[in-house]
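Enquirer: Below, each chain spelled out in residue letters.
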Amino acid sequence: MTPDDPHDAVVVGSGAGGAMAAWMLTKAGASVLMLEAGRDYSPDESPMLNMAMDAPLRGVGTPDKEFGYYDATVDGGWNMPGEPYTMAEGSEFMWWRSRMLGGRTNHWARNSFRMGPYDFKPKTRDGLGYDWPVSYEDMAPWYDRTEKLVGVYGSNEGLENHPNSGPGVLQPPPKFRVWETFLKAGGDAINIPVVAARRAVLTKKIDERSPCYWASGCGRGCSIGAAFQTTTSLIPWAKKTGKLTIATGAMVRNVVLDASGKASGVIYIDKATGLEKQAKGRVVVLAASTGETARILFNSHVTGRSEGLANSSGQVGRNLMDTVGSSVSAYFPQLEGRPRYNEDGAMGLHAYIPFWDYKRIASGEVDTPRGYHVEIGGAFGDPGMGVGGGLDGYGASLRSDVKRRYGSRIGFTQRGEMIPNANSFCSIDTNTQDRFGIPVLKFNFAWSDHELKQVKHFQNSMKELIDKLGGTLVSEPDEPAKAISKGGEIIHEVGTARMGADAKDSVTNQFGKTWDVDNLYITDGSVFASKAHKNPTITIMALAMRSSDNIATRLRTGEL
Amino acid sequence: MTKDLITIDRRVTLKWLMGTLAVGQLAACGDGAKGISWPEMKAIEAAGIGKDPDFSNITVPWPLTMTAAELEITAELVDLILPGEGDIPSPSAVGVPAFINEWVSAPYPDQHKDRVLIINGLKWLDDESKIRNGVPFIRAEAAAQTAILDDIAFKDKVKEGLDKPAEFFGRMRSLTLGAFYTTREGWADIGYMGNTPGTGDYAGPTPEAAAHIKGVIEAMGLKYTPA
Ligand SMILES: Cc1cc2nc3c(=O)[nH]c(=O)nc-3n(C[C@H](O)[C@H](O)[C@H](O)COP(=O)(O)OP(=O)(O)OC[C@H]3O[C@@H](n4cnc5c(N)ncnc54)[C@H](O)[C@@H]3O)c2cc1C
Ligand code: SF4
Numbered sequence: 001m002t003p004d005d006p007h008d009a010v011v012v013g014s015g016a017g018g019a020m021a022a023w024m025l026t027k028a029g030a031s032v033l034m035l036e037a038g039r040d041y042s043p044d045e046s047p048m049l050n051m052a053m054d055a056p057l058r059g060v061g062t063p064d065k066e067f068g069y070y071d072a073t074v075d076g077g078w079n080m081p082g083e084p085y086t087m088a089e090g091s092e093f094m095w096w097r098s099r100m101l102g103g104r105t106n107h108w109a110r111n112s113f114r115m116g117p118y119d120f121k122p123k124t125r126d127g128l129g130y131d132w133p134v135s136y137e138d139m140a141p142w143y144d145r146t147e148k149l150v151g152v153y154g155s156n157e158g159l160e161n162h163p164n165s166g167p168g169v170l171q172p173p174p175k176f177r178v179w180e181t182f183l184k185a186g187g188d189a190i191n192i193p194v195v196a197a198r199r200a201v202l203t204k205k206i207d208e209r210s211p212c213y214w215a216s217g218c219g220r221g222c223s224i225g226a227a228f229q230t231t232t233s234l235i236p237w238a239k240k241t242g243k244l245t246i247a248t249g250a251m252v253r254n255v256v257l258d259a260s261g262k263a264s265g266v267i268y269i270d271k272a273t274g275l276e277k278q279a280k281g282r283v284v285v286l287a288a289s290t291g292e293t294a295r296i297l298f299n300s301h302v303t304g305r306s307e308g309l310a311n312s313s314g315q316v317g318r319n320l321m322d323t324v325g326s327s328v329s330a331y332f333p334q335l336e337g338r339p340r341y342n343e344d345g346a347m348g349l350h351a352y353i354p355f356w357d358y359k360r361i362a363s364g365e366v367d368t369p370r371g372y373h374v375e376i377g378g379a380f381g382d383p384g385m386g387v388g389g390g391l392d393g394y395g396a397s398l399r400s401d402v403k404r405r406y407g408s409r410i411g412f413t414q415r416g417e418m419i420p421n422a423n424s425f426c427s428i429d430t431n432t433q434d435r436f437g438i439p440v441l442k443f444n445f446a447w448s449d450h451e452l453k454q455v456k457h458f459q460n461s462m463k464e465l466i467d468k469l470g471g472t473l474v475s476e477p478d479e480p481a482k483a484i485s486k487g488g489e490i491i492h493e494v495g496t497a498r499m500g501a502d503a504k505d506s507v508t509n510q511f512g513k514t515w516d517v518d519n520l521y522i523t524d525g526s527v528f529a530s531k532a533h534k535n536p537t538i539t540i541m542a543l544a545m546r547s548s549d550n551i552a553t554r555l556r557t558g559e560l
Numbered sequence: 001m002t003k004d005l006i007t008i009d010r011r012v013t014l015k016w017l018m019g020t021l022a023v024g025q026l027a028a029c030g031d032g033a034k035g036i037s038w039p040e041m042k043a044i045e046a047a048g049i050g051k052d053p054d055f056s057n058i059t060v061p062w063p064l065t066m067t068a069a070e071l072e073i074t075a076e077l078v079d080l081i082l083p084g085e086g087d088i089p090s091p092s093a094v095g096v097p098a099f100i101n102e103w104v105s106a107p108y109p110d111q112h113k114d115r116v117l118i119i120n121g122l123k124w125l126d127d128e129s130k131i132r133n134g135v136p137f138i139r140a141e142a143a144a145q146t147a148i149l150d151d152i153a154f155k156d157k158v159k160e161g162l163d164k165p166a167e168f169f170g171r172m173r174s175l176t177l178g179a180f181y182t183t184r185e186g187w188a189d190i191g192y193m194g195n196t197p198g199t200g201d202y203a204g205p206t207p208e209a210a211a212h213i214k215g216v217i218e219a220m221g222l223k224y225t226p227a
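Just so you know, the sequences run in chain order A and B.
Counting with the working numbering, you get residues 1 to 560 for the letters of the first sequence.
Counting with the working numbering, you get residues 1 to 227 for the letters of the second sequence.
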């Protein structure tokens, strides 16, 4: 079929949410048209084992490639020429986008922590935020199926609000490296857990995907298929069914409704020709990413209504959330001059610090309502352009300082829960259009005191851990209001079309079906009702899988 | 501060007046004890990397801008920063000066800042050497070269009035180390053993590395858990 033919489903976006929908629907026999604004892409393009010195400027970040020369991002970043967004006065919001098949799954860090029972019912627990229409028990089997399909390494630690996966679901985690073992020793002494991390990286072969070969940063893209990205998995699998049609360079502007108020398809700009085209389907699935999906809804005008499509609740654009981020780092004299060996490993977390202080939150001893986890980085990595940081002098003593210090610094980054607030949302900026003539988003963003207190908790806890291990801070952390990340900076933006139990205060039901339009679904991070400290993508995929199963059933029964 | 500054300036001025050197305009304004200014330079306008570079044909798209003379001092300086030692080559032997050229010629704001610092800094180094030693930096005796570096290379011991040259030196040190330790020779020197694909499970620490950390942890009175 061609993009001009009507399909059972039109899926907008090819990232985590879109590709999962396309795979689930094609697997169930439905024909799917996937519309992707970016160009076609495969990680076969990735120069995986190139050295930094093979790249301009040793591969450092530039305004063109902010995360470094080899980062897989195509035509994206914090700034996209011709595709701006705006910010309300006094607000700052950072929005990392890409324009490529597979979206940001091509270079995400693959950290994959499933949410726990507390995370789905935050309002019930402490009166803040909003409850999901699903419980952890509802989601558990979908997490198991997703983790198994995707391939996630990790271990089941049985920790509070950090649920185990089902038997046989997880792949074995890679061994701790020396500095992780060292941190664990300190953590054990003061009851801060240091346990195996979970990442969407294969340590055992599944299907045609090879296990990790322990080299090459996963942000470059993984052509051997070990690090999960939709371009080496869901998309090729969906293609194999013969049911998937992909149109790249297809920038969707709005959803089209028929006379009865049902979605009949979408309008997109074909970037190659500049022409407007219409794609037709029995069901429309939006997965253009948080923000973009809200933008499509806002830009879909409904006769007689001013608030955009699927927005009778007024919640589209609202409840914009990102992960709380801040960091500290320290030198550990005890790690200086340790014996060398290859510490590249899976080029990411083998260990991490899950949140441990729920009991003291419940008892009121801790003044921040929600938790965080800590992602840690150290190791004898590729020295890189930062290797001389903090050093002094020159000559033979400089060389010995470099070598002594190498591998003795550990960075700790907080990844925390944000509670939705009324000051954080996006809307349409009626004065600004992108190069396709499509009105752009305007962001409002503010943290609340809850998040700032959480930063303090993190800083104090890490100082205690560093102290226990005889480390010295590289620099004293700033006050929370300065130390906290900017909105969007952690690239875990979710919300803006939340799911809920009630059509009055949510945009979709528990299956991502918009309350207002029976055949319009959302399967990206927009539907998040809260932003737990767990990185969102594994949950985006588990929800997308569950919602797509619902769509497939309804297509089969003729309901759609 | 002012007192010292005057002393230095007087010495400089004297030498200058004595006509031993033609150092160019040592105007009595601007940063630095010698009154040499660090003029802003015009930003480079050239093609950058772009948002979708072709990884199968990697190129540095911008023209290189350093002069042969600047590259010569750069080579001298980077080799003083991290002299070769035994089998370990010097930075100039593994292309670090060419890298600095690539760096300061890049059409990006960070690199532009470094360009202003470095091009002016190289000039300062030469002028300073001419003033102190009567010869350009690369022709000065080793001891005369290090005497200048000793005034700018140590955070807590920067000679008064030499903050800007010290900033320049700090940047050169950082770029030199970064550029050197991202070469294969640099990897060998520091002991980076990665970027080597392997099969099977991740090997983890060597027995030696594991025994070492076990010792460290236990000496701290903490509990060691094997990987
Ligand atoms: C460097 C980095 C590290 C990260 N690390 C982690 C991590 O460790 N763990 C984690 O959970 N998450 C991580 N994330 C976040 C993760 O990448 C996102 O949560 C995830 O990719 C979101 O999936 P998505 O499908 O909503 O959007 P995307 O993956 O962004 O896909 C959306 C796709 O839709 C396309 N699109 C957008 N607008 C339109 C339009 N109008 N018409 C047609 N197509 C359109 C885009 O081009 C894109 O391809 C990271 C992100 C980055 C950038
Ligand atoms: S570290 Fe492993 S998973 Fe990551 S890119 Fe390399 S081979 Fe792939």
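For the record, the hints were derived by calculation from the structure and aren't laboratory data.
A hint or two may mislead.
[Claimed, not checked] With a straight-line Cα cutoff of 20 Å, these simulated EDC-like cross-link-like pairs (lysine to aspartate or glutamate) come out:
(1) K113/B / D64/A
(2) K157/B / D392/A
(3) K155/B / D357/A
(4) K214/B / D71/A
(5) K243/A / D5/A
(6) K175/A / E208/B
(7) K51/B / D54/A
(8) K51/B / E66/A
(9) K463/A / D357/A
(10) K403/A / D52/B
(11) K159/B / D5/A
(12) K403/A / E185/B
(13) K51/B / D71/A
(14) K175/A / E185/B
(15) K223/B / E157/A
(16) K403/A / D79/B
(17) K214/B / D467/A
(18) K51/B / D392/A
(19) K113/B / E66/A
(20) K204/A / D201/B
(21) K51/B / D64/A
(22) K51/B / D75/A
Enquirer: Could you run down the list of hints and mark each one as holding or not?
Expert: To see whether the hints hold, each was checked on the structure:
1. K113/B / D64/A: holds (17 Å)
2. K157/B / D392/A: It holds: about 11 Å lies between the C-alpha atoms, which stays within 20 Å.
3. K155/B / D357/A: violated (41 Å)
4. K214/B / D71/A: violated (36 Å)
5. K243/A / D5/A: This hinted pair holds, its Cα atoms lying about 12 Å apart.
6. K175/A / E208/B: holds (16 Å)
7. K51/B / D54/A: Roughly 18 Å between the alpha carbons, so the hint for K51/B and D54/A holds.
8. K51/B / E66/A: Holds, at about 9 Å.
9. K463/A / D357/A: holds (16 Å)
10. K403/A / D52/B: Not OK: K403/A and D52/B at ~36 Å, beyond 20 Å, violated.
11. K159/B / D5/A: Distance ~76 Å between K159/B and D5/A Cα, so the pair is violated.
12. K403/A / E185/B: holds (14 Å)
13. K51/B / D71/A: Holds: K51/B and D71/A sit about 10 Å apart, inside 20 Å.
14. K175/A / E185/B: violated (29 Å)
15. K223/B / E157/A: Distance of about 19 Å is within 20 Å: holds.
16. K403/A / D79/B: This hinted pair holds, its Cα atoms lying about 17 Å apart.
17. K214/B / D467/A: holds (19 Å)
18. K51/B / D392/A: violated (36 Å)
19. K113/B / E66/A: holds (17 Å)
20. K204/A / D201/B: Given pair K204/A, D201/B holds - Cα atoms ~8 Å apart, limit 20 Å.
21. K51/B / D64/A: holds (5 Å)
22. K51/B / D75/A: With a Cα-Cα distance of about 5 Å, the restraint between K51/B and D75/A holds, given a limit of 20 Å.
Violated hints, in rising order: 3, 4, 10, 11, 14 and 18; the structure is consistent with all others.
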